[in-house]
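Make one complex out of these two single chains by using the hints.
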Amino acid sequence: MSETEVRSVAELVTPCEAGAHIVACGFLGDEAVFATGEGEIVFLNGKRVAAHPGAGILEAVCDGEKIITCGDDGRVVAANAEGAVETLAEIKNKWLDHVALGPDGAIAWSTGKTAYVKTKKGEKTLEVPSTVGGLAFAPKGFRLAVAHYNGVSLWFPNSDTKPDLLEWKGSHLGVSWSPDGKFLITTMQEPALHGWRLADNKHMRMSGYPTRVRSMSFSHDGKLLATSGAESVILWPFGTKDGPMGKDPGMLAPAREGSRVSCVACHPDKEAVAVGYTDGMVMMVRISDAAEILIRGPEGGEVTALAWHANGVSLAYGTDEGKSGVLNL
Amino acid sequence: MSDKIPVTVLTGYLGAGKTTLLNRILSEPHGKKYAVIVNEFGEIGIDNDLIVGADEEVFEMNNGCVCCTVRGDLIRIIDGLLKRKGKFDGILVETTGLADPAPVAQTFFVDETVSGKTSLDAVVTVVDAKWLKDRLKDAPEAKNQIAFADVLVLNKSDLVTADELKDVELRIRAINPFAKIHRTTRSDLPLEAVLSQGAFDLDRILAIEPHFLEGGHHHHDEDVQSFSFSNDKPLDPKTFFAWIDNVSQIQGPNILRAKGIMSFKDDPQRYVMQGVHMMFEGDHQRDWRADEKRESRIVFIGRDLNEKALQEGFEACIAK
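Note that the protein sequences, when read in sequence, are chains A and B.
Following this note's numbering, the numbering of the first sequence begins with 1 at its first residue and continues without gaps.
Following this note's numbering, the numbering of the second sequence begins with 1 at its first residue and continues without gaps.
Heads up, some of the hints might be wrong.
To be verified - The calculated BS3-like cross-link candidates involving lysine-lysine, where the alpha carbons are at most 27 Å apart (straight line), are:
(1) K202(A) - K169(A)
(2) K94(A) - K87(B)
(3) K137(B) - K166(B)
(4) K233(B) - K308(B)
(5) K85(B) - K117(B)
(6) K113(A) - K92(A)
(7) K117(B) - K94(A)
(8) K33(B) - K87(B)
(9) K87(B) - K32(B)
(10) K33(B) - K94(A)
(11) K47(A) - K87(B)
(12) K182(A) - K247(A)
(13) K113(A) - K140(A)
(14) K223(A) - K202(A)
(15) K124(A) - K140(A)
(16) K166(B) - K180(B)
(17) K133(B) - K180(B)
(18) K308(B) - K293(B)
(19) K4(B) - K117(B)
(20) K92(A) - K120(A)
(21) K293(B) - K180(B)
(22) K92(A) - K32(B)
(23) K223(A) - K140(A)
(24) K233(B) - K320(B)
(25) K85(B) - K92(A)
(26) K87(B) - K92(A)
(27) K32(B) - K94(A)
(28) K33(B) - K92(A)
(29) K47(A) - K85(B)
(30) K94(A) - K85(B)
(31) K293(B) - K320(B)
(32) K182(A) - K202(A)
(33) K118(A) - K140(A)
By construction, these hints were calculated from the structure, which means they are not laboratory data.
Next comes chain B alone, as it looks inside the complex (with noise of 0.2 Å):
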């Protein structure tokens, strides 16, 4: 997995301050080199060779799911950027403003040579501390945006009180109650808060307070939910399997989100997956530690999920 190149999708409402965010992570001596994928020329106030205008095409596959869309472009162009490996260290794609995050994230798991030589490091999304609040009214791209964020940089936050600003982070956790949230004044936070995540490391759902989900302190979004299940006792992996290959056919066009790191019987290694829509993918990460607890832990953010069959599925993983 390790020599894949990492890609981070930095995405948005428009106005959060996206791109300021992009210029801050090209302008800092980090001594990297990014190919960046943007979709408009010009904003960028940076000299690099390895920018590249992007069309966002997005296209359905042809597999008869009409969630299983992609985005043909970032096919194309991830293709042409691997003729000139080793001349960067890291892709960052910009989206527009009104894009729904889904197509690219698909597109890492659909194309068998961008998801064989790239990885999706981390969805970064930045959101307005101030207009938020509207958009998720009027927006249905803002809140999908936030339900993909790995990690969610709350821009603008002096532009709100200090009770207010402490709404909007309980709006955003109610939608996606996993991702890093940074506070930030003009998308000022340090680079490694944003690049080199290795959110499929997902190392933080573990870390995740399991409780958290039910404790009645914050908003439940009514449109989005999520949900986190956990248990100490090893899952049969063939069960598992099954498991999640029919909740990704039966619930998948309502899953945006779905990360886990599994213990499985008899296996040393911890085995970590994701998934959006209907795509699901895993793999063995690295030995569990002796000083680490063995616990399987997945998380599904989505709309219309059914809280109880999923809890009773995973339960049923449990090796007998």
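Next up, chain A with everything else stripped away, as it sits in the complex (with noise of 0.2 Å):
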């Protein structure tokens, strides 16, 4: 498809200066915020928040309400739509790489080879064999996956027996469940992902990438998984109970020559994603019919986060070199 026939809705996006590396996005409300390297909570109306001030946000999380922000600071801080911040964890001396958000309120994060969770009752620890690469809740019940070097531990936080170990040679970094909690899938050191069948543990192996893969996201209803890493995004189809074993994965929206899938958002009720790429592009592609819709224009930076509002209409991206937008239809 030539660039000439894709429709651009690039007018119906504001654009916001947020002047650091966004590290995520997300909506608290109707508000879009983008979470930084230097360590603020920009929101698009302008207001700046420092919830890690001298500091850099390592990663973040956000559930429509709230905006939870870890750092190299030690810090686990959430910021509510006001502006208001809570420090909720604080280890002098030590980066906090990750952060997760669970049921109720619960609230994860890790450091070295310990992972933390936070809940109204109190709070558990959690030592794996190795560092901690990344943390997901189970889409249902109390069980947080904790990915790391050789597999991942799924541990029951409320339980005092032993995590269960799934295990695979290498090094696992970011790890995500199926939304029906059937799988669960991490992106390697390695160009690759791989996944476990739950039910039995067999194993699903994604390979193929150039690059390493730093982004994937189910589709709402849990039958596609869309990742990053390469010239085109790549879906790995999960509509049946064996998942991508033994299939091809699907490819849509390519990228433009020298440049690459860096982040991938899938819309939250239809059948469409959120594609960025490393040369700042942003695109919306329907997956029945690859039919693209262009958001942001390969104006340099590199793609980093990308969020949809709960409501389908609003969407957020933001780039490595601080450019933001968020896109109303």
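What follows is the structure, given as structure tokens:
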């Protein structure tokens, strides 16, 4: 498809100058927020909140009411739509690398080999064999997946039983559950994904990427997993009980020459995915017919964050050069 | 290449004076800001927002090559530091005394983010003039640290006699004839000698006297050897890349370090490359200057290397 045929909705984008590497974005109520590498939470309306003064945000998660950030100042901070911040945890002289949001306001974070979970009842910790690469709560039940070298530990923080270890050689970084909780997927240091079917711990290898996969997103119905790391969005089929085993992935929205997909976010209720590229371009693509809509041109910077509002009408994006914006359809 | 953040790796056996050097670098008024990755907090006497504790987590890549080990913690920390680009001019990595430098160096080849946004400026090894000879006998790590060095700080040189110092230097030269050696007493040397070395520029490789290695005036280390080959006839790039690929596959596990500057046929630019074990990378650096001799040179430091095969392979790359 030539570029002239692509419809553009760039005029519906409200740009925002966040000024520093955007680590994550989201919505607090209807207001878009951007968490930056310089420790700030920048609101689309111009408000700036120094969540980690003088430090950097390493990861952030947002549930529509609050944004939780962890930073290289050893703190986990929550901020709300009013811009009020609250320190949830502090460990001196440590980088808190990862953070995850769970059911009933539970929050998990990690530093080094230790994962922490905080609930209304208190705080619990889990030591894993090597540095935590990523954290994700299961969609159902109170269970935390902790990715690390050579596998993933599945931990019930409310139980004293030892966590189940899903083993696979290599360094596991990001981790994600399928929406029905039947599959667990990790991104690896190698340019590949690894997955487990949790009913029988059967392995799924998803490889063939030219570069490391840094972003993955399940479609709202869980039937597809969209990933970054290649020249196109790679879509792995998860619609059957075998997941992608023995099937070829789909490919959509090819990048321009010399660019790659750097970030993906599936639409909250439609068969569409927002795609960010290493040249700063942002597109929306319909999965059924691969129709593309341009949201931001290849204006530079690598797209590092994408988030849909739960209403499916607004999309926030951010780049490593601190450019951000919100599309309102 | 130029907008990449330079990384200096500080290595050296326990007690050699690494931390003293690091403290010096951080306290001097050089007007630069460094992010520092240390293995132990508390030893750094300088306030710095960007001091990060590392865990020295070494792991194998899943590519079937046992020598392909990287530092997972470095990848993670550099990833994090890159989110604060602009806050620092360079990165210093201090390793523990017992660390093998290979995984640190290989990290800068393996991870595409790390290799895309940073460049290994130099491996600086601090050695203790008094105890080095003992360490070379009992600690293989000490030998690897010397073999890997671009810059060698021969510290505590006041604690030995002039003859002993010369002997230590010859022992070092037997392992690594290419590094710059600086004699110091309390790691006191100008910072220009440590930072912004641009080891990748490799200019001093061309400056090495070609016959230095063949001379009988120094010890041969019984374990680690080094070879340097040069030729002023332009090379055929196709043949060269096929050869170096083959060398890395076959001799890679034994190659501690390799570096080279190539003059390719019909190519106005110098091609520079470096390698660690089975990993090699290279790039066009700049145009050959009118006043410099167009010459290709490649050096290998390693164990059990086949000199004859390397030399013949290199010479076979000369463009027909």
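(message) Check the hint pairing K85(B) with K117(B) against an upper bound of 27 Å on the C-alpha distance.
(response) Judged against 27 Å, a Cα distance of about 10 Å means the pair holds.
With a cut-off of 27 Å on the C-alpha distance, tell me whether K33(B) and K87(B) pass.
-> 7 Å, holds
(request) Could you grab the alpha-carbon distance between K92(A) and K120(A) and see if it respects the 27 Å cut-off? (result) 23 Å, holds
### Message
What's the verdict on K117(B) and K94(A), does the C-alpha distance respect the 27 Å limit or exceed it?
### Response
Measuring from Cα to Cα gives roughly 24 Å; hence the hint holds.
- Is K202(A) close enough to K169(A), meaning Cα to Cα at most 27 Å? Roughly 14 Å between the alpha carbons, so the hint for K202(A) and K169(A) holds.
Check your understanding: Can the restraint linking K94(A) and K85(B) be considered satisfied, given a maximum Cα separation of 27 Å?
Key -> 20 Å, holds
- prompt: Does K94(A) pair with K87(B) here, judged by a C-alpha cut-off of 27 Å?
  reply: Satisfied, since the Cα-Cα distance of roughly 19 Å is no more than 27 Å.
Under the criterion that the straight-line Cα-Cα distance not exceed 27 Å, is the pair K133(B), K180(B) satisfied?
-> Measuring from Cα to Cα gives roughly 19 Å; hence the hint holds.
For the pair supplied as a hint, K137(B) and K166(B), is the alpha-carbon distance within the 27 Å limit? Holds, because 18 Å separates the two Cα atoms, which is no more than 27 Å.
Note to self: Holds or violated: K33(B) and K94(A), Cα atoms, limit 27 Å.
What the structure shows: Holds - the C-alpha atoms of K94(A) and K33(B) are around 20 Å apart, at most 27 Å.
- Query: K113(A) and K140(A): Cα distance at most 27 Å?
  - Reply: 25 Å, holds
Item checked: 27 Å limit on alpha-carbon distance, applied to hinted pair K92(A) and K32(B) -> Holds, because 26 Å separates the two Cα atoms, which is no more than 27 Å.
Checked against the numbered hints above, the structure breaks none of them.
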